[in-house]
Amino acid sequence: GAGVSQTPSNKVTEKGKYVELRCDPISGHTALYWYRQSLGQGPEFLIYFQGTGAADDSGLPNDRFFAVRPEGSVSTLKIQRTERGDSAVYLCASSLKPRNWVGENGTEAFFGQGTRLTVV
Amino acid sequence: SQQGEEDPQALSIQEGENATMNCSYKTSINNLQWYRQNSGRGLVHLILIRSNEREKHSGRLRVTLDTSKKSSSLLITASRAADTASYFCATARQKLVFGQGTRLTINP
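Quick mapping for you: the protein sequence lines, in order, are chains B and R.
Each residue of the first sequence is one higher than the last, beginning at 93 in my numbering.
Each residue of the second sequence is one higher than the last, beginning at 422 in my numbering.
For reference, chain B alone in the conformation it holds in the complex:
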């Protein structure tokens, strides 16, 4: 596709339910990021994939959060036993990023429009 696609754009779920958020990165982008953004705040890093593997998952807040990228393309962020505090916009980004950001080319990240998750 032309850009990063995230589905659904909005998701309302009841407290305690399980949700999956999907991200389709730009074709050929090896790096994929998930961020969470609350109103008036900056994007908070959750997890970063280089290819199929999670290169850094230090931002996942607890073990209710899990993300996969089985074929190195589409990624799914999974949240179990959702809580009201999980309500936020979840942003996905992809890039060609070389390891450790060395080099000029392909280091910018392209963002999707996000999924607004509301836990009621």
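I should point out that these hints are in silico values taken from the structure, not numbers from a laboratory.
Only true hints are included.
Which stretches of chain R does chain B cover? Using the computed rule of at least three CB atoms under 8 angstroms from a CB of chain B, they are:
#, region
1, 463 to 472
2, 513 to 523
Derived lysine-lysine pairs resembling DSBU-like cross-links, with alpha carbons at most 35 angstroms apart:
#, chain 1, residue 1, chain 2, residue 2
3, B, K109, B, K170
4, B, K109, R, K516
5, R, K516, B, K170
6, R, K516, B, K103
7, R, K516, B, K107
8, R, K516, R, K477
9, R, K516, R, K491
10, R, K447, B, K170
11, R, K516, R, K490
Yeah, the Cβ is synthetic: ideal placement off N, Cα and C, and Gly gets one too.
Start from chain B and add chain R according to the hints.
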């Protein structure tokens, strides 16, 4: 946790004036990037400055980087109403980490 801190948190100026936003960070970086966000959804990359660069220009944007002070600034010259948005700096080393942002309002 956030790496960068933007200053000011909010800025309101008249159309045609210049807008300056600052970013401070804590750890060493490979590059620093600035992004823009409208209406709280997707972010758009504006400009990247590498750790060995001190200044960079792109159109009406000018970015400076002082690695000794761990700070960067974004200057938007001749502002337009369409520049109204939130602006974030992001530091890049092992991952891309964003600051809290500056909400810029350009009054016509």
